[in-house]
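A.B. asks: First residue of the sequence shown? That's 1 in this note's numbering, and the numbers climb one at a time after it.
Treat the hints as calculated values from the structure; they're not laboratory data.
Being a predicted model, the structure only gives us computed values, none of them experimental.
Any given hint could turn out to be false.
Calculated pairs, DSSO-like style, for lysine-lysine (alpha carbon to alpha carbon, straight line, at most 30 Å) [unchecked claim]:
#1 96 with 7
#2 94 with 7
#3 13 with 94
Simulated restraints on C-beta separations [as the list claims (entries may be wrong)]:
#4 80 with 1: 19 to 25 Å
#5 9 with 79: 14 to 20 Å
#6 8 with 51: 16 to 22 Å
#7 44 with 66: 22 to 28 Å
#8 17 with 92: 15 to 21 Å
#9 4 with 77: 18 to 24 Å
#10 79 with 47: 16 to 22 Å
#11 79 with 1: 15 to 21 Å
#12 81 with 15: 32 to 38 Å
#13 28 with 87: 17 to 23 Å
#14 47 with 93: 27 to 33 Å
#15 29 with 87: 19 to 25 Å
Just so it is clear, CB atoms sit at the ideal spot from N, CA and C, and this is done for glycine as well.
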Amino acid sequence: MRSTRIKDQFLKKIESGRKDLEIRVAYPSMRNIRVGELIEFHSRARSTVVKIADIRRYSTFEAMLKKEDACRIVPEYSDDTLLGLLRNIYPKDKEKLGVIALQINIKNL
């Protein structure tokens with residue numbers, strides 16, 4: 001099973017069911033994730049296994065936000081606030097790799 005880091009504040013939202021989209025840049029390790037795959041998200045404090053329900057690919061964060069609901073990514077954030085957060089996490093040169101929206105499910109493993 002693949003394992004990847006996530007900030008604890010976002011992992012808590014996944015565990016509560018309030019966050020069902022995880023956004024990543026398309027690093028080679030992320031590009032080969034498949035629907036149905038189980039992934040362990042881990043923070044410093046906890047870990048949770050999720051199942052990939054769907055994968056959508058975009059060229060930029062802006063393109064992704066035109067199609068995806070920001071509330072499914074970070075419930076309290078507007079599109080503009082979320083864009084700022086993503087740009088803070090991922091430098092511009094990483095965004096050029098592409099953007100992957102992972103639709104996740106923890107309830108139906």
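A.B. asks: Tell me, which hint numbers fail for this structure?
C.D. replies: 4, 7, 8, 10, 11 and 12
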